[in-house]
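Undergrad: Chain by chain, the residues run as shown.
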Amino acid sequence: MIVVKIILVLFFVFLIVCAIIQRQRVRFMPWVVVFFSCCSIYFVLLPAHSTVVAEFFGVGRGADLLLYLWFAIGSLFIFFLTVQIKSLNENITSLSRFIAIDRAVRGDNSEEPITGSKQE
Amino acid sequence: MNEVWIVIAAYNEASVIARVVEDVRLVFENVVVVDDGSSDETFTELKKTCAWCIAHPINLGQGAALQTGIEFAIKNNAQYIVTFDADGQHSIEDVVGMLNLIRTGDIDVVLGSRFLGCAVGITKFRRFFLKCAAFFTGIVSGVWLTDAHNGLRVFTVNAARQIKIRQNRMSHASEIIDIIGSCRLVVKEYPVTITYTEYSIAKGQKLSNSFSILLEQLSSKFIR
Numbered sequence: 001m002i003v004v005k006i007i008l009v010l011f012f013v014f015l016i017v018c019a020i021i022q023r024q025r026v027r028f029m030p031w032v033v034v035f036f037s038c039c040s041i042y043f044v045l046l047p048a049h050s051t052v053v054a055e056f057f058g059v060g061r062g063a064d065l066l067l068y069l070w071f072a073i074g075s076l077f078i079f080f081l082t083v084q085i086k087s088l089n090e091n092i093t094s095l096s097r098f099i100a101i102d103r104a105v106r107g108d109n110s111e112e113p114i115t116g117s118k119q120e
Numbered sequence: 121m122n123e124v125w126i127v128i129a130a131y132n133e134a135s136v137i138a139r140v141v142e143d144v145r146l147v148f149e150n151v152v153v154v155d156d157g158s159s160d161e162t163f164t165e166l167k168k169t170c171a172w173c174i175a176h177p178i179n180l181g182q183g184a185a186l187q188t189g190i191e192f193a194i195k196n197n198a199q200y201i202v203t204f205d206a207d208g209q210h211s212i213e214d215v216v217g218m219l220n221l222i223r224t225g226d227i228d229v230v231l232g233s234r235f236l237g238c239a240v241g242i243t244k245f246r247r248f249f250l251k252c253a254a255f256f257t258g259i260v261s262g263v264w265l266t267d268a269h270n271g272l273r274v275f276t277v278n279a280a281r282q283i284k285i286r287q288n289r290m291s292h293a294s295e296i297i298d299i300i301g302s303c304r305l306v307v308k309e310y311p312v313t314i315t316y317t318e319y320s321i322a323k324g325q326k327l328s329n330s331f332s333i334l335l336e337q338l339s340s341k342f343i344r
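Taken in sequence, the protein lines are chains A and B.
Oh and the first sequence: position 113 is 113 in the working numbering, straight run, nothing missing.
Oh and the second sequence: position 17 is 137 in the working numbering, straight run, nothing missing.
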């Protein structure tokens, strides 16, 4: 049981370090991760306290409360990542489009050997 | 026909693209083909034609390729923009008819409909599936059409400016209808002939992709 506790604590410490390193790139989420990781370390070391909190919220067991919380945070992360990936894709599309239009050429059979957009 | 620009999105169409472009060029002077990062000789073949050739550095999808072509046409003072498939299943006579219709009055967009016209070689299953897709698009967008996923479309330049395709992949067809609905553009359908060949069926949208298109369309409602 002690081994599992050590692994879990190390994992949450690792999460805290990662979140602090990333704090300047992403504004809000790192501090959410730090807060919940600290709470998790506390509840891993003192599981009886988590049950008290869980009972206060009507969940039952402390382990269940942690599971639900991390599931919610994980879902939130996936949502933010999806939005960020979509935004990155849009940037890549805009950049590719700009390059493509800038390099537009008229086919070799054309009578007007113009390169690039007419207005550019 | 100088104010008309034909936009063709091509991906790995080396075997047919030159013939399709030359057929279009018999009637329309301004043709722009966007090679969407093809891995075959599409761009080489394209450069042998008289069309404007644009090459995406990477494969982005048909929606992105059409948007690139539309933006290029707008930059070059297009008044009417036509989207045309690269696999040769559309008829150039239909484009002329659609342009005559859009010039008659206050119409922003003319969409081709194979179900008002003729779909040569279509299977019963594909016909049923496309009708279901049109019904679903009608529910989502409020624009009721007989054929919502036809690649043959004519836009006025004002409509084209409003229609900014953000769905890079295949769900752009539904997105266009969505935008037509949300911008309250005046849309008319025109009966067209679509000729399915072995090549166009092999190149065309797989019915198995419909689930991912549906998901893309729904997710785009929540994440813009």
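Some clues are possibly wrong.
To be verified - As a list, the in silico SDA-like pairs of lysine to any residue whose alpha-carbon atoms are at most 25 Å apart:
1. Lys-251/B / Arg-281/B
2. Lys-86/A / Glu-123/B
3. Lys-167/B / Asp-205/B
4. Lys-86/A / Arg-281/B
5. Lys-284/B / Ile-333/B
6. Lys-195/B / Gly-58/A
7. Lys-251/B / Lys-195/B
8. Lys-195/B / Ile-227/B
9. Lys-167/B / Lys-308/B
10. Lys-284/B / Asn-109/A
11. Lys-168/B / Lys-195/B
12. Lys-323/B / Arg-289/B
13. Lys-5/A / Gln-84/A
14. Lys-195/B / Ala-54/A
15. Lys-195/B / Ile-101/A
16. Lys-167/B / Lys-195/B
17. Lys-86/A / Pro-177/B
18. Lys-284/B / Asn-89/A
19. Lys-284/B / Gln-84/A
20. Lys-284/B / Asn-91/A
21. Lys-195/B / Asn-109/A
22. Lys-284/B / Thr-315/B
If you are wondering where the hints come from, they were derived from the structure by calculation, not from laboratory data.
These figures come from a predicted structure and were not determined experimentally.
Undergrad: Does each hint fit the structure? Answer for all of them.
TA: Here is how each hint holds up against the structure:
With a C-alpha separation of about 28 Å, the suggested pairing of Lys-251/B with Arg-281/B is violated against the 25 Å cut-off. Using a Cα cut-off of 25 Å, the hinted pair Lys-86/A and Glu-123/B is violated, with the two alpha carbons roughly 35 Å apart. Straight-line distance between C-alpha atoms of Lys-167/B and Asp-205/B comes to about 18 Å, which keeps the hinted pair within the 25 Å bound. The suggested pairing of Lys-86/A with Arg-281/B holds, with an alpha-carbon distance near 22 Å, which does not exceed 25 Å.
About 18 Å separates the Cα atoms of Lys-284/B and Ile-333/B, which keeps this hinted pair within 25 Å; it holds. With a C-alpha separation of about 62 Å, the suggested pair Lys-195/B and Gly-58/A falls outside the 25 Å cut-off, and the hint is violated. Our distance criterion of 25 Å between C-alpha atoms is broken by Lys-251/B and Lys-195/B, whose separation comes to about 36 Å. With a C-alpha separation of about 22 Å, the suggested pairing of Lys-195/B with Ile-227/B holds against the 25 Å cut-off.
Annotation: proposed proximity of Lys-167/B to Lys-308/B is violated, straight-line Cα distance about 35 Å (limit 25 Å). Under the criterion of a C-alpha separation no larger than 25 Å, the hint pairing Lys-284/B with Asn-109/A is inconsistent with the structure, at around 31 Å. With a C-alpha separation of about 24 Å, the suggested pair Lys-168/B and Lys-195/B falls inside the 25 Å cut-off, and the hint holds. Under the criterion of a C-alpha separation no larger than 25 Å, the hint pairing Lys-323/B with Arg-289/B is consistent with the structure, at around 14 Å.
Distance check on the hinted pair: Lys-5/A and Gln-84/A sit about 34 Å apart at the alpha-carbon level, beyond 25 Å; violated. About 62 Å separates the Cα atoms of Lys-195/B and Ala-54/A, which puts this hinted pair outside 25 Å; it is violated. A distance of roughly 10 Å separates the Cα atoms of Lys-195/B and Ile-101/A; the hinted pair therefore holds under the 25 Å criterion. Between the alpha carbons of Lys-167/B and Lys-195/B the distance comes to roughly 21 Å, so the proposed pair stays at or under 25 Å and holds.
Straight-line distance between C-alpha atoms of Lys-86/A and Pro-177/B comes to about 19 Å, which keeps the hinted pair within the 25 Å bound. Distance hint between Lys-284/B and Asn-89/A is fulfilled; the C-alpha atoms sit about 15 Å from each other, no more than 25 Å. With a CA separation close to 20 Å, the supplied pair Lys-284/B and Gln-84/A stays within the 25 Å bound. The hinted pair formed by Lys-284/B and Asn-91/A meets the criterion: a straight-line CA distance of about 15 Å does not exceed 25 Å.
About 22 Å separates the Cα atoms of Lys-195/B and Asn-109/A, which keeps this hinted pair within 25 Å; it holds. Proximity of Lys-284/B to Thr-315/B is assessed by CA-CA distance (about 28 Å); at most 25 Å being required, the pair is judged violated.
When the structure is compared with the earlier hints, violations turn up for hints 1, 2, 6, 7, 9, 10, 13, 14 and 22 and for no others.
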